[in-house]
Structures are given as C-alpha cells and as structure tokens.
Amino acid sequence: MEMVSKSRKMVHYILLTIFSIIMVFPLVWMFLSALKTPEEIFAVPLDWLPSNPQWGNFAGALELAPFGLYIFNSTFTAIVIVFFQIILSSMIAYALTQMTFKGKSILFNSILITYMLPAAATYVPSYVIVAKLGLLDTLTGIIISNIASVFTIFLMRQAFMQVPKEMIEAARSEGANDFAILRKVMMPMCKSSIFTVGLISFVQMYNNYLWPSLIVNSQENYLITVGLNRFFTTSGTFADQWPLIMAASVLAVLPLLILFILLQKWFIKGISDSGVKG
Amino acid sequence: MNRFGNVGKLLFFVGIPMIPLVVFWFVPMAVSVWLSFTNWDYISPTFDYVGIENYTNALTSADFYSALKNTIFFGFWTILPTIFFGLLLALLLRKGLKGLTGFKAFLFAPWITPMVAMSIVWSWIYEPDVGLLNQVLGWFNLPQPSWLTDSEMAMWAIIIVTVWKNAGWAMLFYADALSKIPDELYEVGNIEGAGWLQRMTTIVIPLVSPTTLFLVIISAIDSIQAYDQIQVMTQGGPAGSTRTLLYLYYQMAFEQFNMGQATALATLIVILTGALALIMFYGSKRWVHY
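Protein sequences appear in the order of chains A and B. For the record, in the first sequence the residue sitting at position 179 is 179 according to my numbering, with numbers rising by one throughout. For the record, in the second sequence the residue sitting at position 29 is 29 according to my numbering, with numbers rising by one throughout.
Rather than coming from a laboratory, the hints here were simulated on the basis of the structure. In this text the structure is predicted, and so the values were computed from the model without any measurement. Heads up, the beta-carbon is just placed ideally off N, CA and C, and yes, glycines get one too. Hints should not be assumed to be uniformly reliable.
Selected chain B positions facing chain A (in silico; Cβ < 8 angstroms) [as the list claims (entries may be wrong)]:
1) L97
2) F103
3) A109
4) I120
5) D228
6) Y249
7) A253
8) A262
9) I269
Mimicking DSS-like on lysine-lysine, the simulated pairs with C-alpha atoms at most 27 angstroms apart in a straight line are [unchecked claim]:
10) B:K180 with B:K98
11) A:K9 with A:K265
12) A:K165 with B:K9
13) B:K9 with A:K191
14) A:K9 with B:K95
15) B:K98 with A:K6
16) A:K104 with B:K9
17) A:K191 with A:K265
18) B:K180 with A:K265
19) A:K269 with A:K165
20) A:K191 with A:K165
21) A:K6 with B:K180
22) A:K6 with B:K95
23) A:K269 with A:K9
24) B:K98 with A:K269
25) A:K165 with A:K184
26) A:K269 with A:K184
27) A:K102 with A:K165
28) A:K9 with B:K180
29) A:K265 with B:K95
30) B:K95 with B:K180
31) A:K269 with B:K95
32) A:K165 with A:K104
33) A:K184 with A:K104
34) B:K9 with A:K102
35) A:K104 with A:K191
36) A:K9 with B:K98
37) B:K180 with B:K285
38) A:K191 with B:K180
39) A:K269 with A:K191
40) B:K98 with A:K265
So here's chain B without its partners, still in its complex pose (with noise of 0.2 angstroms):
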C-alpha cells in the first residue's frame, strides 16, 4: 500500500470519529480553563482577562468548602454502602441456588430506570407525614424526618436513593469476579476448618480486590458527578445542605452565568477526580491482589 493511501485511510478511520469528539470533548475542555482565567458573563460580548481571580474566589469561599464537605459526605456514604450491598448481594446468589436469574433481575431493575422519574417516585415516598417511608417507620415506633426539608436529613434521603439505584449494578461486577474464584480454594478452607468469617477476610475480599478497585473508581467518578437526583428532590437545599461542587458549578453557570466563576470550578472539579483516581489507583497497590 502506497503512503497516499495510508493517510487516506487513517483521514478516514480516525479523522471522521475525531471531528465530534475534538469539538465536544477536547476543545471545549481547553476552552473551559481559559474561561477560568476571564469573567465573561455569557451576554456580553467582551471580557477581561482576570489572572486567578477566579480560583482565589472559590478557594476563599465558605460556599465552595461547604460544597466540597457535602461532596466527600455524598461520595463516601453512597460509595461504601454500594460497594458493601454489591457484594452482600452477589454472596448471596451462591452457585445451584434456583432462580437466580429472576433474583438477579429483580435486583438490578432499579439500575436501568431514569433517575428523574425514580427521584420524583422517591420524593413521594419521602413526603413527610403521608409517605410510604415514614408511615412504615411510624409502625415501628421510629422517629418520622421530614427528609427533604430538614438540612440535616436531605443529604441522607439523596445517598439512599443513589445506593438503591446503583447497589444491584455493584451486585453483577462482583457475582461475575466471585464465579471465578476456584472452587478448590473454598474446598482448601472447609479442610482446614476456616469460619465463614475467616474464608471472606483470607480468600473471598483478597481475590475480589481487583472488583472493588475498579468499582471504588468509577462510583467516585460517579458521586462527583451526581446532579439529576438533586435537582429533583432539593435543588442543593435546605440550606445548601445537599449542594455539591457539581450542582454550585451548575448553578453558577447556567442560573447566575457567572461563566469565569464556573469554568474555574469546574477546573477544579477536573483537578480534584484526576488526584482521586491517580491515588487510588496508586494507593490500591497495598490492598488489591492481581
């Protein structure tokens, strides 16, 4: 094949699928760092360069520390309980057990439906005096929040939905890594009379380890960038206390079109998932087993 042709066909095989993802992906990442350095407001045609001003703002600001502790509250409590759920569940669905397919269906179901819909179902559950949730923690004598509209519940009403919607989607990661376990290795631990607890902790969560890397990576991508569920149920309310970086970015940008302000949040945001992935992925090197 002649040199003409070879370029042809890398212009065709990699230069048609490029246009899209150059002018969605790539240049609009570039462009949003050099927003962060103006304080262009969207309607005004000019605007001025501002050094870090931007940055300095957010980083001097209790709204953008008090969004950072919401999205560490959010990321770690819908983190460890789908993880924990994921692999409860996937325990559970032990090889000759019948049905399984029809558990593993149920389980997932919740994965597939549109987050906007189930967090509009959800707020109906959580009404406060005549909802599903309270009138069966009434049963029980509980205490009955008023979960979307107490700061200190709304949070919490937010990371139960999350888990209910992406527990059963943990759950089919780990049924497939637990398949591949040998069954020698189970065999090897019933001779030497290991506990159930003692075979989880020495052989089951080593081997799985690789499993619950990948999950803790891409839920924490994930949380970040949590917002349908919060736009739904409390617009980052009562009292901000449900507004992460992402939705104060969203609303900066698109209800205050405070364009420069946003952009260098949104940098932040990038700088801030890039580190938690290169520590994990760096630090997972003491604890996950290949």
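With the rest of the complex left out, here is chain A (with noise of 0.2 angstroms):
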C-alpha cells in the first residue's frame, strides 16, 4: 500500500470530520430544540444552546399524545412482522437451495421480479383485501400485510447457498429429514446474517409509513410514524408548539439510535455484505 503521507491524512481527517457533523448536526439539533423554551427556539441570532434544558418538554408532548404507546405498537408490530419473515423466509429459501421441483426458477424470477415493482402499486387492492378480512385499523391487519418480505426471502436464499454441501449431507446420511436440516444445521450456520437481515428489516418495518397510515385509523392503534404525524399536522399551526414537536421526534428516534448505537457493527457489516453485488 502507499505510503499515506502526514499531510495527506489530515486532509482526510479534517474533510471527515466536516461531513460527519453535517450528517449528524440535524440529529443534535433535535435534541437542542427539544430543550428549549419557546422564545429561545424562535431567537435571531441563533441561541446555540438552551440556557436552563427543558426537560419538562418532553412530558409535555407525552401529556398531549399517548408516544409510548405508539412506539410499543410500532416495536411490537415490527418484531412480530420480522419473527414471521425469518420463519417464511427460511422456509422458501430452504426450498429454493436444498430441493429440486417443476417451475422453481420461475418461483425465483417472480420473487426477483416483485423486489423490483414499487409496493405502492399493490396498495390498493391490499386495502380492500385487508378490508375484506376485518383488519382494518388493527395491528393484526399491519402484521398480516407486511409478512411477506422479498427483501428476506431474497438474502437468506444468498445466505443458504453459503452453506457447505458437505455438512448438509453428513446430516442427512444421518438421518436428518428437511425440517431438521434447516432447524440444526442451516438456521445455525447462517446465524449471523438471519439477524443481519432481521435488525434491517426491523428498521423498515418501524419506519414504515405510508402502508400503516392507511390501515390504521383510531389512536390506540397508531405506529408511532403515524403519531408522529399526526400531532406535527394538528399543533403545526401553533408555532410555539416546536419544541414539543422536537420533543416528540427526539421519542420517536431514540429507541432507533439506542439500537444503532449498541449494534451499529452488524448493521455496517449487515448492508455492505448484503449486497446484490451488480
């Protein structure tokens, strides 16, 4: 490798640096506005800081909307849609791999195909489905809808086709039948990308909008981007509602961030080696 002169790496550092506060500045200012009163929030010149941090602000926000409750409905949603993906997924995956049946790459080429095809255009004849089975403006009717994951199928196909040959048949001379082969001996073996796979598709599913806002109509029933919505739609009107505004995004990131702070190597791992590679 060249040598990487003193210099050189400065400039590195220094442009890196830069970058990375602007990346990060708009989450740092979030946390700023949240704890400012009203008139440090609308002061020209800016007020950098707040002088005495009102903490009081997110209690406000939590008194004028239930946002504990929208986040436990959009975290428990999205666990139970990514533990029914996993298991889906594994299934097909593991049909796709291990076993030969008529009409298998035209399984897989539809598969391919739908990763393709904008969601949006099946919105609305999954309204009225969901509408027909009775789970409108229910949870039931968001996990249903979201359990069939391309994305997933897709990737734990690539994991699958990882797997030694040699261990899958030292297994079945065995005398491992299918569900035993995926349970003891692929499951295992591709742990680290199910959960690789499962963290990315939890964050999908917990930053989901558009599909949920359809579904759901009444406040018990709100993931948390819908909430989240809602409250910036009706107090937006009022400006000194920003910092009870900045409050509630701050909420409705931080379960996100504390995540990505603890895992944050699996996720960087988990996108790059994802990849489709062209």
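Assembly of the complex is requested from the two constituent chains, each provided in isolation within its own frame, with the hints serving as guidance.
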C-alpha cells in the first residue's frame, strides 16, 4: 500500500470530521431544540444551547399524545413481522436452495421481479383485501400484510447458498430430515446473516409510514410514524409548539438510535455484505 | 423418498410461505391492472368497464406530465449526489486512518432514522425566518428562500433531505467495493506517476462500476417510491411542484377514491420502473466492468 503522507492524512481527517458533523447535525439540532423554551427556539440570531434545559418538554409532549403507546405499537408489530418473515423466508429459501422441483426458476424469477416493483402499486387491492378480512384499523392487519418480504427471502437464499454441501450431506446421512436440516444446520450456520436481515427489516418496519397510515384510524392503533405525523399536522399551526414537536421527534427516533449505538457494527457489516453485487 | 412425501414437503416449504406472498403481492398486482380498466370509486358496489379510458385520460392530462417531470427531476437530482457523495465519503475512509468505524457510524446514522421524524426536523430547519438553515445562510449573505412554500425551492428541499439520508448508505457499498481493489493496482499507478485524477478515472471508477450500477438501479426504484418526506413537508405542493407520480397516485386512490384512475397510474409507474431497470441493466454493458 502506498504511503499516505501525514498532511494527506490530515486532510482526510478534517474532511471526514466536517462531513460527520453535517450528517449528525440535524439529529443534534433536534435534541437541542427539544430542550429549549419557545423564546429560545425562535431567537434571532441563534441561541445554540438552551440556557436551562427544558426536560419538561418531553412530559409536555407525552401529555398531548400517547407516544409511549405508539412506540410500543411500532416495536411490537415490527418484532412480530420480523419473526414471521424469518420463519417463512427460511422455509422458501430452503426449498429454493436444497430442493429440486418443477417451476423453481419461475418461482425465483417472479420473486426477483417483485423485489424490483414499487410496493405502492399493490396498495389499492391490498387495502380491499385487508378490509375484506375485517382487519382494517388493527395491528393484526398491519402484521399480516407485511409478513411476505421479498427482501428477506432474497437475502436468506443467498445465505443458505453459502452453507457447505458436505455439512448438509453429513446431516442427511445421519438420518436428518428436511425440517431437522433447516433447524439444526442451515439456521445455526447462517445465524449472523439472519440476525442482520432481521435487524434491517426491523428498522424498515419501525420506520414504515405510508401503508400503516392507510390501515389504522384510531389513536390506540397508531404506529409512531403515524402518530408523530398526526401530532405534527394538528399542532403545526401553533408556533410555540415547536419545542414539543421536537421532543416528540426525539422520542420517536430514540429507540432506533439506541439500537444503532449498541449494534452499529452489525448494521454496517450487514448492509454492505447483503449487497447484491451488480 | 416416495412421491407423495415430496409433494407434501413442497406444499409445506413452498406452499405456506407463498400464501402471504400471493395474497399481498401477486394477486394485488393482477387485480390492480384489472381495476385500471374500470371506473370503480371504492364506495359504490358496482362499476363499469371503461376500456383504456383511464390510460388515455392519464396520458392526456397535464397533471400526469407535470408529475412525471417532477419524478424524473427528483430522481436525477437525488441519485447523482447520492452516488457522488457516497463515493467521495468512501474514498475519504482510507485504510490506515484511525477511528474509521466511528466515522462510518456517524456518516451512516441518518439512514437509520424514520423519514417521518426527520422530515419534521428538517421542516423546522427550513423555517424561513427562524430556521437553522436560513440563519446560517444569512451569515454568508446568501439568499434565504422560503424553502417549503416557494415552488421553485420546495423540490430542492425534499432532494436535500433525501440525499442527506441516503449518502451514508451508498458510502457503505463503495467502502466495501474499494476495499476489494488490490493494492498493487494503486502501486502500479504510482510508479508510472499517474496523478490522483488519472488514477480515479482509469482504476477506481471502472473497478467500482458494478457497485455504481447496483446503487443507481436501487436508488432509481427508491426515488420513484419516495413518499414520506413529500407527505410531511409539502403534501405535493406548493402548486403541485413536489407532486411525483407516486404522490399523484396516492391522492387519486386515497383522497379522491378514484380507483380506476389510480390503478391505471399504478400500472404506468410499474411499467416505468421495469423499463428503467431494464434499460439501465442492458445499457450498463457499455460502462460496467466486471
């Protein structure tokens, strides 16, 4: 590797620091704004730091809308969805990698095409289907309609293809059937892939907005994205509500930020490894 | 294993996971196309077949073309900077620097956050008189537009948020691709005295071109589906300047309940996405080096 001179290194550090600050600053600004008084938040020129952090803003936001419940709804539905996605995707990925049957390539190609299509194109009929199932305005409706994930099928198939053939054959010669091979060989061998797929899917489900906003109507079923936006639209007209809106946004983002801080290496490794390389 | 056993196994391993896939993907896709030939309005139980009227209506309406123009504009100006900054950031993350994981985490952090929450935060940053952005622009005596209410600027405001959120994601893929370029290739460039720019255009850019293709296709599909930031920040306005095809579809379907028109538009969006993916995939043979 070429020698990177000290001054070149310095330039890299400075630029990386500037870009990092730009990327993180909206998040920092959200936190700072959440702790300000209405006077401070509207100060021209800027008041960078709240002179007396208004921790009460969080309580104030929670009084106006049940954000705790919204976050619970989002977390709960996302976990249940990811659980089913992993189970179902591992089954079909097992069939796609370990079994031979007629129409296998048609099946895989139709899954691949679905991966490319805009999901929104299915929303009108899917909405009618959820309505016919009697699941409008329920968390079950959101869960059921999201458990089919082409993304997880795709990545699980890729992970399963990496499992050495010898291991599967060894298990088979010891009399293991397909269920046992899936549970005792494939799943444990692909633990880390399954974990990262689940993690990414969890974030996507927690952040999902358009489809859930169509399904749920009553406040007790709001996901955090839906509840937060309703709070923003209803209080946006009153200017002095901005600190409370920022406090509510902090509450919405916080669970994911904590997850990210704890598991950042999994995210970073997972995203680039999952790459369907051109 | 007997034949019945095999069929049973297939029914289990393929059949069960296929149920939600068929019910919420394959059937809706087909039904959506079928509905696009009707005038169903969601409320009434009956509807008539109207042939291709929904399509001719869409293709002759000014709304459609202005939304198409907005979609292309939004797509182009989000994909280009996302790719550019993604590669630039990945190039800055050179081997041998300290704290690389920390920098990566900071640069990638926006991707993790909910678009709805961040659009609200950015709405605050974009506030014309008291918002952070315009106050900062004021220090440098730059123009301070009213970002979200000016039809010239609103689309740019949405583009900035989208690029901010996705650049770190593109960076991860480029960082991975760059780490696979053999060191010898860099060295060859050095011995021959090739400058930085020359090394970029002759070694780095061709070698990461498969990643670029992948990112362009995925970002293009993503940009067609952008919704959250538009809904939160502008609701398609002002004066329809941020109304993309997908947003127009949403308004037709779930605000006006004009399901025939909406599903026709959905079909057009699907065709557009498919055509775009195909063109990029085959067109790429000229510039992608595997």
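Against the earlier hints, flag every one the structure doesn't satisfy and list their numbers going up. none
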